[in-house]
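Below, each chain spelled out in residue letters.
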Amino acid sequence: MASSALARRDAAVGYTMVAPAVLGALAFVVAPLVAVVWYSLHEWNVLANTFTFAGADNYERMLSDPGLRDSLLASLWFSIGLVVLNISLALLLAVLLNQRLPGTTTFRTFFFSPVVVSLVAWTIVWSFLLQADGGINGFLSLLGIEGPNWLRGETTAMISVIVVQVFKNVGLNMILFLAALQGVPEEVQEAARIDGAGAWRRFRSITLPLISPTLLLVSILTIVGSLEVFAQIAVLTGGGPGNSTTVLVYYLYQQAFRFNDFGYASAISVLLFVIVLVLTLVQWQTRKRWVFHEV
Amino acid sequence: MTPLTPRRAPRPARIRHRLVSAPLAAGGVALALVLTACSGGGDDVAGEPSTPSEPVELRMTVWTADETQLAQFQEIADAYVADNPDLVSGVTFETIPFEDYTTSLTTQLAGGNAPDLAWILESYAPEFVASGALVDVAPKLQEAEGYEYDDLLDSSLALWEKDGGLYAYPFSNSPFAMFVNTDQVAAAGQPNPADLVASGDWTYDQARDISAAAAATSGKQGLVVRDFDFKVWENLSTVWDGWDAAPWNEDGTQCTFTDPEMVDALTWIHDATFVDKAMPGPGTTADFFAGDAAMTITQISRASALDDSFAWDVVPLPAGPAGQQNVIGQAGIGVFAAGEHPDVAADFLAWFTNPENAETLAAYFPPPRESLLNAETLGAANPKLSETQLQAVVVDGIQGAVTKPSHQNFAKLQDTVRAQLDALWTADADVEGVLADTCAAIQPLLGD
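Chains X and D, in that order, are what the protein sequence lines are.
Mapped onto our numbering, the consecutive letters of the first sequence carry residue numbers 1 to 295.
Mapped onto our numbering, the consecutive letters of the second sequence carry residue numbers 296 to 743.
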């Protein structure tokens, strides 16, 4: 009896302790999620102060919206470019910095420092560097190369945005990979070396499988992050030239905050949520095929 | 002061607005509230004024961050508070950066946090006026004692009127003018623009040639259309109005980017940029006020940014093939129907813009009042400009001026045109082809 009362009291204390976090999550995570689905079923014009039920109209509109199709395509290119470049560069840097060489601590700090710099400040600096008469082209001219107008060409603008984002965040992935690499048992490497395995074979057959859980984590984080890019686009290109860098989140922002079409923007955000959810689930489900867990 | 009567019952649309924003904070409960909020329709005029049960706080959003201007606003507001302690306990002026001004304003509206009053950019005037977001302030201004409503210029009010009502007061009518770095022009051995104005030879072709020569001599830039930056294309209207060109017809239903006047005007701008090098190309920044350019087209209010680091002059916009056309940028002050106190806010607006306060504000914001549009009044508060400059650029610049492009669907048009015109800003662009594409892209939006 006494222990039951004690258990109830413990439970009450426990619930009280977690209540602020639960209420916070309900108010600031769950409620907005539910609200945005509700908004997506409406025509909501802020200026005209109209909020009328539209059923699935906004979702039907998405099917025939060329702007949305273009933004999905732009997001796809951005994600592919970012994921490939970011993960491969982060892994390469981590492998290099995992060597027992002098100065590695300095290099780790050098590559990680952009992660803690304000995103907007970082992007503004790059917007000056990438101008026609900016620092990048100034450097290229020293080498006798006439650089392009980076942010004005459709291809170069997308590449520029990707590279700026890679340099901003590669340090974080690099540190994660570095931590994973340092957890690879030296005796396994040593055994492979004794068996005559070369460096590439050891990396492919031992290191990669052993760091595959980190690879899964990094790939999920990077893909989700790539779909949420906004500030870099807003500052560097404003979605241009043309609509070449109008990625999904920027398109969503335009619909909501530029065109006051909050209902349609909500439907697009639901689509984005579904895309992120599906991609994450797919990666999670396929982990059994390529993620190695030591027993 | 007009006597005030009891407050009206809360209006349905205002209730709806708050209910719509509530779910963000209240989760499931809010969904039920939103369900009750689903009816359309805009709001109405403030109507008969009311006495609040206790003095209210008013909030007005502006895009200036100039402390002198804000201090001037506050001084006028404090005098109103002192005169009406039973109505208003204070007025706050909230600065929102110009670049995101309209977006931030509509975000406040969406969040149920509408200001009582706000500056509104002329480009968005038709959208704000037609939407029903603003209160008709004409009755309040007309009734205000000593207001002299008839002194307001009809041409200044036009953009803000609908069905006989006035939905914002066009408190700033700032003409565009050409600022000239006369040091750079003289160093290039070019004629002084002021002399060309006097002789009637001040044309865009002359401005282009002088700018190109000055840029070649100084190694800096020539003519800068300030704030254009190959994105804010509507600022080019200060140039193409000299060709009598326009992006769409008067009632905003037909694209006119392919009209010969616009083709000629944009061909001129394209050539001035890529052939003559008289204007900086995309991706090149040049601040006239820092001495980086020979000339700039911008609003007269920017004169305050000039110091004595170089010799300068300000002259009217040049003439194009269709003659000289003055262009103004307007800012209106509107009262939001969704604000907390629209009737009190309208009363404050009548005070803020009465003849005495309009004269004070004329230091920075040329008013729409005919009686105040003279070099003597404006000169008293603009020490950097001579009476001759004020007469030529401000007084004459407002008379018969056109405003920058505006449309009921401006935000979508602005983004769509910007995206299409990006193809124009390359050296080998097909001007006519790009403009045909632009019309194809925006014609559906003009019909919305």
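Calculated directly from the structure, the hints in this document are not laboratory data.
All values reported here derive from a predicted model rather than from experimental measurement.
Glycine included, each C-beta is placed from N, C-alpha and C at the ideal position.
Don't take every hint at face value.
Unchecked claim - Cross-link-like lysine to any residue pairs, in silico, SDA-like; alpha carbons within 25 Å at most:
{"#": "1", "chain 1": "D", "residue 1": "LYS526", "chain 2": "X", "residue 2": "ILE124"}
{"#": "2", "chain 1": "D", "residue 1": "LYS699", "chain 2": "X", "residue 2": "GLU186"}
{"#": "3", "chain 1": "X", "residue 1": "LYS168", "chain 2": "X", "residue 2": "VAL249"}
Unchecked claim - To be clear about the criterion: a stretch of chain D counts as covered by chain X if any three or more of its residues have a C-beta under 8 Å from a C-beta of chain X, and this derived list gives those stretches:
{"#": "4", "segment": "402-414"}
{"#": "5", "segment": "418-432"}
{"#": "6", "segment": "461-475"}
{"#": "7", "segment": "715-729"}
Against the structure, the hints:
1. LYS526(D) - ILE124(X): OK: LYS526(D) and ILE124(X) at ~17 Å, within 25 Å.
2. LYS699(D) - GLU186(X): Violated, because 71 Å separates the two Cα atoms, which is more than 25 Å.
3. LYS168(X) - VAL249(X): 19 Å, holds
4. 402-414: holds (count 3)
5. 418-432: Our answer is that it holds, as 5 residues pass the Cβ test (under 8 Å) against chain X, meeting three.
6. 461-475: It is violated: at least three residues are needed, and the segment 461-475 of chain D offers just 0 whose Cβ sits closer than 8 Å to chain X.
7. 715-729: holds (count 5)
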